[in-house]
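Given next are the chains, with one letter for each unit.
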Amino acid sequence: MATATLNAGSELSHDEILRYSRHLIMPEVGMEGQLKLKRAKVLCIGAGGLGSPLTLYLAAAGVGRLGIVDFDVVDVTNLQRQVIHGTADVGKPKLASAQASVREINPNVEVVGFETRLTSQNALQILQDFDIVVDGTDNFPTRYLVNDACVLLGKPNVYGSIFRFEGQASVFYAREGPCYRCLYPEPPPPGLVPSCAEGGVLGVLPGIVGCIQAMETIKLIIGQGRTLVGRLLVFDALGVKFRELKLQKNPDCPICGPHPTITKLIDYEQFCGIRGEEHTPVGIPEITPREVKKLMDELQPFVLIDVREPHEFQICRIPGSTLIPLGQVPKRMHELDSAHNIVVHCRSGQRSARAVELLIKAGFHKIHNLKGGILAWSDQVDPSVPKY
Amino acid sequence: MAVKIMIPTPLRQYVGKQDQVEVEAKTVAEALSKLASEYSELRRHLYNQEGKLRSFVNVYLGDEDIRFLQKEQTPVNDNDVLSIVPSIAGGAAQ
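Those protein sequence lines, which keep their order, are chains A and B.
Residues 1 to 388 in the numbering used here are what the first sequence spells out, letter by letter.
Residues 1 to 94 in the numbering used here are what the second sequence spells out, letter by letter.
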């Protein structure tokens, strides 16, 4: 911990003056702005795709206290975009990895770590000691939790989100403008919007959006420029288009409106329609990879259908499978004979479960979902099949 | 009225990967209805079982949210641009 923090934001050391010289020589920042940064306490929720650039740039800018909330562990698939973590960090807690990166960039920053899931039980307590909250989370329940906690505590919520090639950013500050619920009163039902693992994401996209979030946070702290309060920035990475949409406070907003019905934190998993860990449709007949291998070895006749996308089929496939992408199953199910034994697979077993459900409704009864998908096939039967 | 509808990236797979679709319509409701008729796979992402626009999908005429105009009855003119802006969160499987 650097001794510079003992000044508690009342002055800058010679080292700090040199470090931040490029800020200090701009009238919009100057000593006054840099001291505001030093006194600022910012909470970054998530040290992942958005949290990586966000935390790095806030650290570089000299935010005095940075809180980081993340309970996850670094996975190799994160490295395509989560640049605060390196190859040597795979398997380590993201929080420890992020803290180390921040210290390396700027030892003057006090990092406060919360290696916990943010919940309705702890959110108010965790958020209350910070001035600004930056939402770098990856799921709807937490986004609504963060929003509600920020509204109840009167704190700005710097919002950013991404999906494949699309990004959004705004600043939700209920005292001055709309909150997240004003924009989106309800989340999509689970399963309708794919995750990064299922839908993919251009690695650099959260880099761009996270940087915008850092930029907005800094502007809020130094009080310069015009922030995204009341505006939704929508970014199309494919076409390189930034569009700006007007956001207004919803007069009927249940939390930040004049007649709020939400006055404390709720059960957000229930609000978002998620029940526990259940992802797959219930009661779908399953078959394990080893059982399928046995069918193959014993030359038992069956049809193996792969419902992944063509570009996934290029990565790897199970020999003998026929590709019918999930979206085409309704139109192409006539290609299948319900008299045959059919096994359906995808990457992890979720999409194929939906396909099996569809086919059962259409009258197919000799049908099974490959439990765990091609990932489990690679683990249990054929390790030469790459995992992705 | 020839209206351009901007399609957000999560929904482009349902409209043959186009980033915008042109339709002839007099109101927002008509424009979206024509879009959903032409691209039937898009329908369940825009409308719920009761045929109402889903609440996690916002529609903008220019840069104005239609909820603060005349909602789906908002009239549209030639060369107006409608944007569909769905809720996104990225990241975790749900």
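Calculated from the structure, these hints are not laboratory results.
Note that CB positions come from ideal geometry on N, CA and C, so glycine has one too.
There's no promise every hint is true.
[Said to hold, decoys possible] Chain B side only, calculated, beta carbon under 7 Å to chain A, not exhaustive: (1) 10; (2) 60; (3) 68; (4) 70; (5) 87.
Verification of the hints:
1. 10: For residue 10 of chain B, the interface hint holds, since the closest Cβ of chain A sits about 5 Å away, which is under 7 Å.
2. 60: holds (5 Å)
3. 68: Holds, because the Cβ-Cβ distance from residue 68 of chain B to chain A comes to roughly 5 Å (cut-off 7 Å).
4. 70: The hint is violated - residue 70 of chain B has no Cβ within 7 Å of chain A, the shortest such distance being about 15 Å.
5. 87: holds (4 Å)
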